Amino acid sequence: MFKLSLLSLLFCLNAHAELRATGDLGVVIERAKGSALIINTSKQKTLAKIEALGDLSHASVVFSRDQRYAFVFGRDGGLSKIDLLQDKVAKRIIQAGNSIGGAISQDGQLIAVSNYTPGGVKIFSAETLELIADIPAQYGDNQLSKVVGLVDAPGQRFVFSLFDANEVWIVDVKKPTTPVIQKFKNIGKQPYDALLTPDGRYYIAGLFGERGLALLDLWNPETGVKRILPDYGKDDEKLPVYKMPHLEGWAVAGDFMLIPAIGQHEVLVIDTRQWTLVKRIPVIGQPVFVMARPDGRQIWVNFAFPDNQNLQIIDAKDFKIVKSLIPGKAVLHMEFTPRGEQVWVSVRDDNQVIIYDTENHAELKRLSAEKPSGIFFSSRAHKTGL
Amino acid sequence: MRYLIIALAFSASAMADKAIDSPSLERQQELHNMLAHDCGSCHGLTLKGGLGPSLLPKALAGKSDQFLVHTILEGRKGTAMPPWKPFITEQEALWIVQKLLK
Numbered sequence: 549m550f551k552l553s554l555l556s557l558l559f560c561l562n563a564h565a566e567l568r569a570t571g572d573l574g575v576v577i578e579r580a581k582g583s584a585l586i587i588n589t590s591k592q593k594t595l596a597k598i599e600a601l602g603d604l605s606h607a608s609v610v611f612s613r614d615q616r617y618a619f620v621f622g623r624d625g626g627l628s629k630i631d632l633l634q635d636k637v638a639k640r641i642i643q644a645g646n647s648i649g650g651a652i653s654q655d656g657q658l659i660a661v662s663n664y665t666p667g668g669v670k671i672f673s674a675e676t677l678e679l680i681a682d683i684p685a686q687y688g689d690n691q692l693s694k695v696v697g698l699v700d701a702p703g704q705r706f707v708f709s710l711f712d713a714n715e716v717w718i719v720d721v722k723k724p725t726t727p728v729i730q731k732f733k734n735i736g737k738q739p740y741d742a743l744l745t746p747d748g749r750y751y752i753a754g755l756f757g758e759r760g761l762a763l764l765d766l767w768n769p770e771t772g773v774k775r776i777l778p779d780y781g782k783d784d785e786k787l788p789v790y791k792m793p794h795l796e797g798w799a800v801a802g803d804f805m806l807i808p809a810i811g812q813h814e815v816l817v818i819d820t821r822q823w824t825l826v827k828r829i830p831v832i833g834q835p836v837f838v839m840a841r842p843d844g845r846q847i848w849v850n851f852a853f854p855d856n857q858n859l860q861i862i863d864a865k866d867f868k869i870v871k872s873l874i875p876g877k878a879v880l881h882m883e884f885t886p887r888g889e890q891v892w893v894s895v896r897d898d899n900q901v902i903i904y905d906t907e908n909h910a911e912l913k914r915l916s917a918e919k920p921s922g923i924f925f926s927s928r929a930h931k932t933g934l
Numbered sequence: 019m020r021y022l023i024i025a026l027a028f029s030a031s032a033m034a035d036k037a038i039d040s041p042s043l044e045r046q047q048e049l050h051n052m053l054a055h056d057c058g059s060c061h062g063l064t065l066k067g068g069l070g071p072s073l074l075p076k077a078l079a080g081k082s083d084q085f086l087v088h089t090i091l092e093g094r095k096g097t098a099m100p101p102w103k104p105f106i107t108e109q110e111a112l113w114i115v116q117k118l119l120k
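Chains H and U are the protein sequences, given in the same order. Position one of the first sequence corresponds to residue 549 (our numbering), numbered consecutively onward. Position one of the second sequence corresponds to residue 19 (our numbering), numbered consecutively onward.
The following block holds chain U by itself, in its conformation from the complex (with noise of 0.2 angstroms):
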């Protein structure tokens, strides 16, 4: 019975990595660097926000995944934050939002 709640939890936890495709390693460095300094250059270098608000953990909980990723892809009408859709794409916000939360 035990097994099956570990082999259980495993697969579950398995899935929720599935989900994320991660990217590439190559394109993991590429949004490594695109958070630092062309998300930056409005959040701050470590994100702890400028003119836009700041992006730690902290900040982001309560709000879910979606919520931040549509927020990453179409940017907010009427504020500074804009719309990054043409060079991120989906699975690349969620594994953004991913290590943000982290």
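Extracted from the complex, chain H is given alone in its bound form (with noise of 0.2 angstroms):
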């Protein structure tokens, strides 16, 4: 009696000493260790580190919906559940030679994981990590197609893009063992990556074999894809792009969308009315990440190799920049704080994640990481698209 007592006494205090919250918890990769750090952005500290994630260089995370658990993508194919209440892996699989990253369906109970290698989209349960459907993106003389720009979409949905074959699929997984494709081709060369608005509407592709980007509406796909902004910089020279930019950016300022212009030093000011270009912003490199602070007041961007060390801030008031600033060797990556007080940014070469506050763009902490590179914070879970 007594014994059973102290035991569950004993139970209580752990399980007590382990309550753990995960609403503002993150996680930093660690791109050449193959580890992950799982944060807290209330404490501003390092909770734990998940080791044996396989080849994270170009790692990307969802969450579940629960915010429990992260879905790692590796490069080497490494799809890893994380649990953050247990700081442990719980599932792991190793799915496909080469991949580039990943998705978690309107309902969460599904994973969609984009390959290089063989090119294509594998759909998981979340639950288990148990394949349900194989969607080879082939093309052209049985030719597999490399795999980017994956995001859900309302309606039960993945859209994607084929980088060899010029298309854009809609898969819809209302049945997830008998998905329903849906293919629209020529839609430009070369997509290379590409964002949904956060209203889950418009899907984009950025182009890098021509001029302009692919617009799709998913309020009427019927339409097809579109190619906006056809002749932006036709007349200057495309300069040497040394990492290609992602598409993450989202409308700001109402009715501007920005994103990164490719082989041009330059940030593009978007009006999604008419889907016009309304400005050219020239920064100091070439973009990577094009980010608004969740309430679309400022964007913070990021540059490609060799001019990896600087963030430029610019206010969405007049469009023009307002601050730049040199965090160190090889700024990688920066997330926002749910409601965008803070952002971090991870630092690879000087082995640092740097907190800054964004109001006055002050740094007010660093944590220590082994080369890190993308950061995600489990606010994400219930945001569409990303």
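By construction, these hints were calculated from the structure, which means they are not laboratory data. The structure displayed is predicted, hence computed values, not measured ones. Errors might be hidden in some of the hints.
Taking lysine-lysine pairs in the DSSO-like style, the calculated list, with each CA pair at most 27 angstroms apart, reads [to be verified]:
(1) H/Lys791 to U/Lys95
(2) H/Lys791 to U/Lys117
(3) H/Lys774 to H/Lys786
On the chain H side, residues computed to face chain U include the following (Cβ under 10 angstroms) [what the hints assert, rightly or not]:
(4) Lys593
(5) Asp603
(6) His606
(7) Phe732
(8) Gln738
(9) Trp823
(10) Pro854
(11) Lys919
Not everything, but these chain H residues come out facing chain U in the computed CB check (under 8 angstroms) [what the hints assert, rightly or not]:
(12) Arg579
(13) Ala580
(14) Asn646
(15) Phe756
(16) Lys786
(17) Pro788
(18) Val789
(19) Met792
(20) Phe804
(21) Gln857
(22) Phe867
All C-beta atoms in this analysis are idealised placements derived from N, C-alpha and C, irrespective of residue type, glycine included.
Combine both chains into one complex, guided by the hints.
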């Protein structure tokens, strides 16, 4: 009897000590070591390090809707499900040879992974990581294309682009074992990444092989993919691109969207009512991430090699640069806290994550991390397209 | 006679090494970091391939040093491979190629 109550007391204490909420947690990828840090954005501290996650160059993360699990997509085709409550890997599989990213379905039940080799998308149960559907990105003469720009969209759909085939596919997974695929061909040469507007309506793919972007209205898919900004910068020399930009911006200041130009040292401001270019903001280098603070007031921009020590901040009020920072060697990624008062910045070659106050751009704190790259906060769990 | 052959072989290999006047140790480390991370952003951290093709010895077999050095320095027009000439000398590119082929 005594023994039993002691045991239950111990259990209680233990459970109490481990009580942890996950709404203010996040994951920092350590790309060289194949590990990830679990961090807390309220306490600004590292809670745990999860190891043996494989090749994490170009790794990305999505979160389960209950914000308990982080799904890490590794370059080597690894898909790891990390339990943020227990600081451990709940499940891990190798699902392909070479992989680029992933998404979680609207209902949180499915994980989709986009692969380079074998080119295609695979769909897994978020619960068990069992394979549910395999969608090879077949085109032409039985070739497989690399798949990029995979996002989740309303209506239990995934949307992605075929880099080698110049196509965009919408996959409806309401019946996950028999996905329904709608293909759009000749959307433009070499789509390299894509974004979904936060309302889930527009899917926009950036093109590497030609000028402009490809736009698909998911409310009216029958109207097909349209080209926007077909001749921006066509009279300018195309500058070399030492790192592919990412499209992860979204509409800011109401009707305007900011995206990185490619082959031009500019951020483009697009009026989303007519899909016209309203401004080209000159910046210090080839922009990689152009990210809006959650309230849309500021846009933070980082850059490709050899300008990757810099960050520039654009004010949405007049689309002018208000501040330039030099955080350190190889600034790779940034992530805003859910309501945007802080931004966390990874500085790869300095082995640091720097936390800034977004209001006055002051440095608040540094955390050490080994070759940190992507930073992902659990607030992404409730955002479409991230 | 046998000694002579060994001596010859030795001097030939010494010459081959000479030809790629190795970068300083510090620069080697920089190039190493660059290969893993900056080249790695397209070719993968382990150079197994990504948006750009695999740069592992198997994938590069049969391609001449000169051709690969040229690709690194000049890039390839019409593809995502950019020219690295502004940041890497010809010697350094040759050093990288020999490293890739090993």
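Verification of the supplied hints:
1. H/Lys791 to U/Lys95: holds, 16 angstroms
2. H/Lys791 to U/Lys117: holds, 22 angstroms
3. H/Lys774 to H/Lys786: holds, 23 angstroms
4. Lys593: violated, 26 angstroms
5. Asp603: holds, 6 angstroms
6. His606: holds, 7 angstroms
7. Phe732: violated, 21 angstroms
8. Gln738: Status holds, d = 8 angstroms.
9. Trp823: violated, 26 angstroms
10. Pro854: holds, 6 angstroms
11. Lys919: With a minimum Cβ separation of about 8 angstroms from chain U (threshold 10 angstroms), the hint on H/Lys919 holds.
12. Arg579: holds, 6 angstroms
13. Ala580: H/Ala580 check passes; min Cβ-Cβ to chain U is 7 angstroms, inside 8 angstroms.
14. Asn646: holds, 6 angstroms
15. Phe756: Holds - the Cβ of H/Phe756 comes within 8 angstroms of chain U, reaching about 6 angstroms at its closest.
16. Lys786: Nearest chain U Cβ about 10 angstroms off; hint violated.
17. Pro788: holds, 4 angstroms
18. Val789: holds, 6 angstroms
19. Met792: holds, 6 angstroms
20. Phe804: Not OK, violated: H/Phe804 not within 8 angstroms of chain U, min 28 angstroms.
21. Gln857: Check failed: Cβ of H/Gln857 comes no nearer than 13 angstroms to chain U, outside 8 angstroms.
22. Phe867: At 28 angstroms from the nearest chain U Cβ, H/Phe867 fails the 8 angstroms test, so the hint is violated.
Violated hints, listed in ascending order, are 4, 7, 9, 16, 20, 21 and 22; each of the other numbered hints is respected by the structure.
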